[in-house]
Amino acid sequence: MSDTTTDKTTTTGDDQDLGVAGSQLSTAPVEDAPSPHLPALGVIGWARWFWRQLTSMRVALLLLLLLSLAAIPGSLIPQTGINEAQVADFRERHDILAPVYDKLGLFHVYSSVWFSAIYILLFVSLIGCIVPRTWQFVGQLRGRPPGAPRRLTRLPAHTTWRTSADPEEVREAALTLLRKRRFRAHAVGDAVAAEKGYLRELGNLAFHLALIVMLIAFAWGQLFKSEGNKIVVEGDGFSNTLTQYDDFKSGNLFTNDDLEPFSFDVKEFTGTYERTGPNRGTPRTYETEVTYTEGADGEEKNALIKVNKPLEIGDAKVYLVSHGYAPVVTVRDGKGEIVYQDAVPLLPLDNNVTSNGVVKVLDGYRNPQGKKEQLGFQAFFVPTFGGSASGTMLSQFPALDYPVLALNAYHGDLKADSGIPQSVYQMDKTKMKEFKDADGELLKKLLTPGETMTLPNGAGSITFEKDIKEWAGFQVVQEPGGGWALGGALAAIGGLAASLFVQRRRVWVRAVRGDDGVTVVEMAGLGRSESAKVPEELGDLAGILYERAPGAPDGTPEDPGTPEASGITTSTDTDSQAVPAEGAEQQ
Numbered sequence: 234m235s236d237t238t239t240d241k242t243t244t245t246g247d248d249q250d251l252g253v254a255g256s257q258l259s260t261a262p263v264e265d266a267p268s269p270h271l272p273a274l275g276v277i278g279w280a281r282w283f284w285r286q287l288t289s290m291r292v293a294l295l296l297l298l299l300l301s302l303a304a305i306p307g308s309l310i311p312q313t314g315i316n317e318a319q320v321a322d323f324r325e326r327h328d329i330l331a332p333v334y335d336k337l338g339l340f341h342v343y344s345s346v347w348f349s350a351i352y353i354l355l356f357v358s359l360i361g362c363i364v365p366r367t368w369q370f371v372g373q374l375r376g377r378p379p380g381a382p383r384r385l386t387r388l389p390a391h392t393t394w395r396t397s398a399d400p401e402e403v404r405e406a407a408l409t410l411l412r413k414r415r416f417r418a419h420a421v422g423d424a425v426a427a428e429k430g431y432l433r434e435l436g437n438l439a440f441h442l443a444l445i446v447m448l449i450a451f452a453w454g455q456l457f458k459s460e461g462n463k464i465v466v467e468g469d470g471f472s473n474t475l476t477q478y479d480d481f482k483s484g485n486l487f488t489n490d491d492l493e494p495f496s497f498d499v500k501e502f503t504g505t506y507e508r509t510g511p512n513r514g515t516p517r518t519y520e521t522e523v524t525y526t527e528g529a530d531g532e533e534k535n536a537l538i539k540v541n542k543p544l545e546i547g548d549a550k551v552y553l554v555s556h557g558y559a560p561v562v563t564v565r566d567g568k569g570e571i572v573y574q575d576a577v578p579l580l581p582l583d584n585n586v587t588s589n590g591v592v593k594v595l596d597g598y599r600n601p602q603g604k605k606e607q608l609g610f611q612a613f614f615v616p617t618f619g620g621s622a623s624g625t626m627l628s629q630f631p632a633l634d635y636p637v638l639a640l641n642a643y644h645g646d647l648k649a650d651s652g653i654p655q656s657v658y659q660m661d662k663t664k665m666k667e668f669k670d671a672d673g674e675l676l677k678k679l680l681t682p683g684e685t686m687t688l689p690n691g692a693g694s695i696t697f698e699k700d701i702k703e704w705a706g707f708q709v710v711q712e713p714g715g716g717w718a719l720g721g722a723l724a725a726i727g728g729l730a731a732s733l734f735v736q737r738r739r740v741w742v743r744a745v746r747g748d749d750g751v752t753v754v755e756m757a758g759l760g761r762s763e764s765a766k767v768p769e770e771l772g773d774l775a776g777i778l779y780e781r782a783p784g785a786p787d788g789t790p791e792d793p794g795t796p797e798a799s800g801i802t803t804s805t806d807t808d809s810q811a812v813p814a815e816g817a818e819q820q
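Everything in the sequence shown is counted per this note's numbering, starting at 234 for the first residue and increasing by one.
Derived by calculation from the structure, the hints in this document are not laboratory data.
It cannot be assumed that every hint is accurate.
What the hints assert, rightly or not - List of simulated lysine to aspartate or glutamate pairs, EDC-like, C-alpha gap at most 16 Å:
(1) Lys-550 to Asp-491
(2) Lys-534 to Asp-498
(3) Lys-463 to Asp-480
(4) Lys-593 to Asp-650
(5) Lys-604 to Asp-646
(6) Lys-482 to Glu-460
(7) Lys-550 to Glu-460
(8) Lys-534 to Glu-522
(9) Lys-702 to Asp-634
(10) Lys-648 to Asp-596
(11) Lys-482 to Glu-712
(12) Lys-702 to Asp-498
Said to hold, decoys possible - Between beta-carbon pairs, the in silico distance windows are:
(13) Asn-589 to Leu-330: 24 to 34 Å
(14) Thr-505 to Gln-708: 21 to 31 Å
(15) Leu-337 to Ala-730: 34 to 44 Å
(16) Val-421 to Lys-766: 19 to 29 Å
Nothing here was measured: the structure is a model prediction, and the numbers come from that model.
Ideal placement from N, C-alpha and C gives every residue a C-beta, glycine not left out.
With these hints in hand, go ahead and build the complete structure from the sequences.
Written as structure tokens, this is what we have:
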């Protein structure tokens, strides 16, 4: 038998090279040995060289690492697609860094040119790596395990014994045994060839195919996703149209027609809180009862939306993300006529739902002189007031135990008709004047439910009604591709586990009649890499086959025909050199 070489087809004398027997245990491409005299590559040669480098597994792993590193700035630096207010604040506080970040695209990392380049290169690399390996693996599945080498004793794990059974009986018993152990086995000449562990390569391919699926799913989700927020007061409703949202952002390819058609009404928000102990004030129940319909003429259905238990309507998910209070106020003019009456949502400032906001009266109000004017009230609300002795207007508990509303009053022009969008929770005071109290100070008052603050000089009044409503903040998310991404992640985990814990290996059994008429049985195994599993499995198989084809009765202790001499051999001698599995793969 010839020494180990890189020639896959040559034979020397009586020895058959292990190239065929040890080949195709993996679909990894074999690197050609460099020639000492290489001609100039040229354009086509350089293109092929670049393609081979790009589609190599090590480059794919390098690109995957670069993609992970490139995503770090997106989690550390404010992103315009997530929170433009934080980006604007960052620009104001960092005059030097902000222009640099703009040029590098760090405020929109995931849509930047350099991030997209890494993403696309990784995508191409995986496809270029997987496609040829997949076809090669399919060819291996359609073929049969290669025949046995001329001398099985060259393999790392081997054993032999003599038996009185006929060679045909031994081969038939070996074929039956190997197939029972789920080997792909067939008879080739005077030997049986078997192979097992295809799941390893299948898992490897599945892992990389799953990465491609995940890349596509993430890209699809980012391009067609939408995310909007809406505050809805008890008794009010919401329709899934763009104009209904308080704020809305979407992917580059998203259109208004992609919005899932549905609507819902908030019937009641329920929140209960821990009353005692170190967790006092912690929410115990946070849920909203709604009625919703799908489409324009859908049937009305009831649902309960809880934290982390969204309402799923088609491709959209409605999450409950926030909660607050909406005191009902009534504003009257100097004649006592109601010019405004509504629940005013206020934004929480702390965990005890200390809240603030504004009340804007834009139309219908006339001052005592009969001139049209607008009113504005700064509102500060606490659901549980600590009392005047506490010296602070901070809530002591998130439930409505002792609600108090503090108001400051203004009149003038709220600049609502300027064409510039305004927040419903803030008031532009540039053209507003303060109402003064008897001491000439800003008019302000603490109100409990049912109390009224009277405006000076017959300008009217504002009443804090006893009806205090609650509001729920919802986030409506449509992100296609989420199911594919989850499926790809699960497939990647399963494929990686298979590629790590399953070993591809081959077993050969040769049975020939010796010169003395006694059958000589040889068994050998070869694995994809060095592992104790191959000798152990071969020993188990040899033990079972030995029971069916026991050793010749006339053997001596030194004779290989006895059970004592039929152990698995992994050592070598000068006449027969064992070839390691890795060396065999390279041939």
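Here's how the hints hold up against the structure:
1. Lys-550 to Asp-491: 14 Å, holds
2. Lys-534 to Asp-498: 10 Å, holds
3. Lys-463 to Asp-480: 7 Å, holds
4. Lys-593 to Asp-650: Given that 16 Å is the threshold and the Cα spacing comes to 13 Å, the pair holds.
5. Lys-604 to Asp-646: This hinted pair holds, its Cα atoms lying about 12 Å apart.
6. Lys-482 to Glu-460: Holds, at about 6 Å.
7. Lys-550 to Glu-460: The given pair, whose Cα atoms are some 10 Å apart, holds under the 16 Å limit.
8. Lys-534 to Glu-522: 11 Å, holds
9. Lys-702 to Asp-634: Holds: Lys-702 and Asp-634 sit about 14 Å apart, inside 16 Å.
10. Lys-648 to Asp-596: 12 Å, holds
11. Lys-482 to Glu-712: 12 Å, holds
12. Lys-702 to Asp-498: Status holds; Cα separation ~14 Å.
13. Asn-589 to Leu-330: 24 to 34 Å: 32 Å, holds
14. Thr-505 to Gln-708: 21 to 31 Å: At roughly 22 Å between Cβ atoms, Gln-708 and Thr-505 fall inside 21 to 31 Å, so the hint holds.
15. Leu-337 to Ala-730: 34 to 44 Å: About 39 Å separates the Cβ atoms of Leu-337 and Ala-730, which means 34 to 44 Å holds.
16. Val-421 to Lys-766: 19 to 29 Å: 24 Å, holds
Violated hints: none; the structure is consistent with every hint.
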